[in-house]
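Could you build all of it, start to finish, from the sequences and the hints given here?
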Amino acid sequence: MEKRLRIALAGNMNVGKSVIFNTLTGLHQHIGNWPGKTVEKAEGTLHYKGYTIDVIDLPGIYSLSTFSIEELISREYIVVEKPDIVINVVDASVLERNLFFTLQLLELGVPMIIALNQVDLARKKGIKIDHKKLQKILGVPVVPTIAIKGIGIHELLDEAISLAEGRIKLTPLKVKYGKNIETKIEKITKELSRFEIRYPLRYVAIKLLEGDEEIKKMVSKINPKVIAIAKKYEKEIEHTHKYPCSTVIASQRYNIASTITKNVQQLATQKIEIAERLHNLTTHKFYGYLIMIALLAIIFFTIFSFGNFLSGILEDIFANASSVFEKTFGTSAIAKLGWGVLEGIIAGITIALPYILPFYLILGFLEDSGYLSRVAFLMDSLMHKIGLHGKAFIPLILGYGCNVPACLGCRIMETQRERLIAVFVTTLVPCAARTVVILGLVGKFVGIEWALALYGIDLLIIFVLGRITFKVLPGEPMGLIMEMHPYRIPHLKTTLKQAWFRLKDFVCIAFPLIIFGSFLIKLLEVVNLLEPIGNILSPITVGWLGLPSIAGILLIFGVLRKELTLTMLATLVGTTNFTLILTPIQMIIFTLVTMLYIPCIATIAALIKEIGWKKALYITIFEIIFAITIGGIALRLFMVLS
Amino acid sequence: MEVTNNFIIGEIMDNLLPLTNLQEGEKGIISFIRGGRKVIQRLTDMGLTPGTEITVTRHAPFGPIGISVRGSELAIGRSIAMKIFVKRK
Numbered sequence: 001m002e003k004r005l006r007i008a009l010a011g012n013m014n015v016g017k018s019v020i021f022n023t024l025t026g027l028h029q030h031i032g033n034w035p036g037k038t039v040e041k042a043e044g045t046l047h048y049k050g051y052t053i054d055v056i057d058l059p060g061i062y063s064l065s066t067f068s069i070e071e072l073i074s075r076e077y078i079v080v081e082k083p084d085i086v087i088n089v090v091d092a093s094v095l096e097r098n099l100f101f102t103l104q105l106l107e108l109g110v111p112m113i114i115a116l117n118q119v120d121l122a123r124k125k126g127i128k129i130d131h132k133k134l135q136k137i138l139g140v141p142v143v144p145t146i147a148i149k150g151i152g153i154h155e156l157l158d159e160a161i162s163l164a165e166g167r168i169k170l171t172p173l174k175v176k177y178g179k180n181i182e183t184k185i186e187k188i189t190k191e192l193s194r195f196e197i198r199y200p201l202r203y204v205a206i207k208l209l210e211g212d213e214e215i216k217k218m219v220s221k222i223n224p225k226v227i228a229i230a231k232k233y234e235k236e237i238e239h240t241h242k243y244p245c246s247t248v249i250a251s252q253r254y255n256i257a258s259t260i261t262k263n264v265q266q267l268a269t270q271k272i273e274i275a276e277r278l279h280n281l282t283t284h285k286f287y288g289y290l291i292m293i294a295l296l297a298i299i300f301f302t303i304f305s306f307g308n309f310l311s312g313i314l315e316d317i318f319a320n321a322s323s324v325f326e327k328t329f330g331t332s333a334i335a336k337l338g339w340g341v342l343e344g345i346i347a348g349i350t351i352a353l354p355y356i357l358p359f360y361l362i363l364g365f366l367e368d369s370g371y372l373s374r375v376a377f378l379m380d381s382l383m384h385k386i387g388l389h390g391k392a393f394i395p396l397i398l399g400y401g402c403n404v405p406a407c408l409g410c411r412i413m414e415t416q417r418e419r420l421i422a423v424f425v426t427t428l429v430p431c432a433a434r435t436v437v438i439l440g441l442v443g444k445f446v447g448i449e450w451a452l453a454l455y456g457i458d459l460l461i462i463f464v465l466g467r468i469t470f471k472v473l474p475g476e477p478m479g480l481i482m483e484m485h486p487y488r489i490p491h492l493k494t495t496l497k498q499a500w501f502r503l504k505d506f507v508c509i510a511f512p513l514i515i516f517g518s519f520l521i522k523l524l525e526v527v528n529l530l531e532p533i534g535n536i537l538s539p540i541t542v543g544w545l546g547l548p549s550i551a552g553i554l555l556i557f558g559v560l561r562k563e564l565t566l567t568m569l570a571t572l573v574g575t576t577n578f579t580l581i582l583t584p585i586q587m588i589i590f591t592l593v594t595m596l597y598i599p600c601i602a603t604i605a606a607l608i609k610e611i612g613w614k615k616a617l618y619i620t621i622f623e624i625i626f627a628i629t630i631g632g633i634a635l636r637l638f639m640v641l642s
Numbered sequence: 643m644e645v646t647n648n649f650i651i652g653e654i655m656d657n658l659l660p661l662t663n664l665q666e667g668e669k670g671i672i673s674f675i676r677g678g679r680k681v682i683q684r685l686t687d688m689g690l691t692p693g694t695e696i697t698v699t700r701h702a703p704f705g706p707i708g709i710s711v712r713g714s715e716l717a718i719g720r721s722i723a724m725k726i727f728v729k730r731k
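Sequences listed follow chains R and B, in order.
Under my numbering, the first sequence has 409 at position 409, and the numbering climbs by one with no breaks.
With the second sequence counted from 1, adding 642 to any position gets you my numbering.
Some clues are possibly wrong.
Distance condition first, Cα-Cα at most 30 Å in a straight line; then the derived DSS-like pairs of lysine-lysine [what the hints assert, rightly or not]:
| no. | chain 1 | residue 1 | chain 2 | residue 2 |
| --- | --- | --- | --- | --- |
| 1 | R | K41 | B | K669 |
| 2 | B | K731 | R | K285 |
| 3 | B | K680 | R | K176 |
| 4 | B | K680 | R | K179 |
| 5 | R | K615 | R | K522 |
| 6 | R | K221 | B | K680 |
| 7 | R | K271 | B | K669 |
By construction, these hints were calculated from the structure, which means they are not laboratory data.
Structure, rendered in structure tokens:
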């Protein structure tokens, strides 16, 4: 009979949870999204001492209140899925704040073990924790760990198994609030005891007093009377303490966390560390920005020149593929379709490997080292004007190279709402492929001032649409509240693994789409439907946009590979002297539409991965309509002005 | 003392100022916070409870404020920081 255990890792952000997760699961892991949400989900398996252990890395959160999706996901997973053990990963160097979360887990009544992580970093800060004393106070096992060095992981697993096998008895600390509040909690608990509730009753009582929306919804279905009672008590507490009830409870919880911390922590004076100097430098009013621009330039060019280099090599390898294919399979319709599929696969490889993998690696380093939060600090005010957060700055800049990593990079945003706005805005940034069209068509044949004007118009559109989305999207926008943890050297193995598994997840979505798109276009070519389709689209392309009818075919092709737009045009008209077929105004309109309409298929795949099918579809449809509308308006503006 | 829909509760005293008025290096004691439930909850969860001591670590000229609270450093957006009222220590 197979022995199976399910372990959930829970804790604040930046405590080393993912390092522990990666150490435990090695290559037996899978990264995706929580169903229907844009929050990343990492799960894996390991075999240890006869047990098969499934590990899930819950989103990093600071509290179990449910104002954010991440908190809701973690809480629901613990209560509904009932993992056998919850390992609460605690950062020894910020014990007090971490305990605030730990106490809430204790109130939730889960079987738990504490991994007291980063004790080495704590020591550097002059902090020493008596973990045995902490264990005694909290009543649950406390295992000191240094996850990046793999220290304490075995002990952690051994404790988990001992707990699962009943060899350890938990005597979890009962968090006691002030007398005034305790009496009210007891009264609510008594009212609740008549009903079947899947949460511990005391926990529900406390959450009702805190005004927790999800819990209120759940309880009102069972017994609305209790809600009224809780509301009454809530107001009484507010009246006595002069603060909102949830603040009072949180304050008292923090007081307990603080007392425990003082009891187990010893502080020695610390000298200014390199990490601290670096922090001051990178957030400096002047040097901070200098360093950021320099670093971003380096990152930008690294990703794209390395990408071009690797992509060039791959292209050389596949260069002969088309002629080899033709020789082997002939030029029948079926053969051409087969080639369409193959072309799609090749396109996918030449995008994903050279660009996306290095991008995920670099983003991982930026995030884990802590530098990303400094960029957010420096850029937040500016980003806010566009309706974005400071953290969105890097994905936005990357968008000028390629929208795909820019969109994927939005995973660093802290809430679902921010992620959505950021992802939308990055698709408006003109990537290298669109730059090819802007410079190669308008820049070359109309004038460089017009090309620059187009970039300017794009920026304006980003500004306007960003702000509109910010105001219009449901959900409460919130200013920046972000932790800047001390710089640290990222754990190489973890960063590598995360990059790899995130790439895998993206590839699984992107490849089918790219291959399908390539196949579809080849199909249209083979059955000679391209021209007819171009003609069907002519009310839009010719009538509304004033372009020649081949524009329709071009725009469809552009969905697959935008950088091939001009090449395609040259093929279709047999010349690269585009002034022969397009007037300057037509060139501008065409470029304008290309710049704003549907992102390429790979970007759509990235959108799907980050925000799901539905929202990706909305954005895609919106951008098509928007681009065509703007193009038509621009045409009429030109006609009126000339 | 007054309770309003926007959770503005607190004593109006003379030596209370918004967080944005503190200079780098200065310390303050949290008195009360203005704002919607979500913001107050989030700030509270991060440790900014009434009576807590905070130290301003850095000021970007038009940007967020860095504060040290309960052993960690937070970046707080200006619009939020303007509504955190402290007693200068």
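Do the hints match the structure? See the list:
1. Taking the CA atoms of K41(R) and K669(B), the gap is about 40 Å. The hint is violated against a cut of 30 Å.
2. For the proposed pair K731(B) and K285(R), the alpha carbon gap of about 26 Å is at most 30 Å, so the pair holds.
3. Of the supplied pair hints, the one linking K680(B) and K176(R) holds, its CA atoms being roughly 25 Å apart against a limit of 30 Å.
4. A hinted pair counts as satisfied when its Cα atoms are at most 30 Å apart, and K680(B) with K179(R) qualifies at roughly 27 Å.
5. Note on K615(R) and K522(R): the hinted pairing holds, with a Cα-Cα distance of about 28 Å set against a maximum of 30 Å.
6. Taking the CA atoms of K221(R) and K680(B), the gap is about 24 Å. The hint holds against a cut of 30 Å.
7. At most 30 Å may separate the alpha-carbon atoms for a hinted pair to count; K271(R) and K669(B) meet this at roughly 21 Å.
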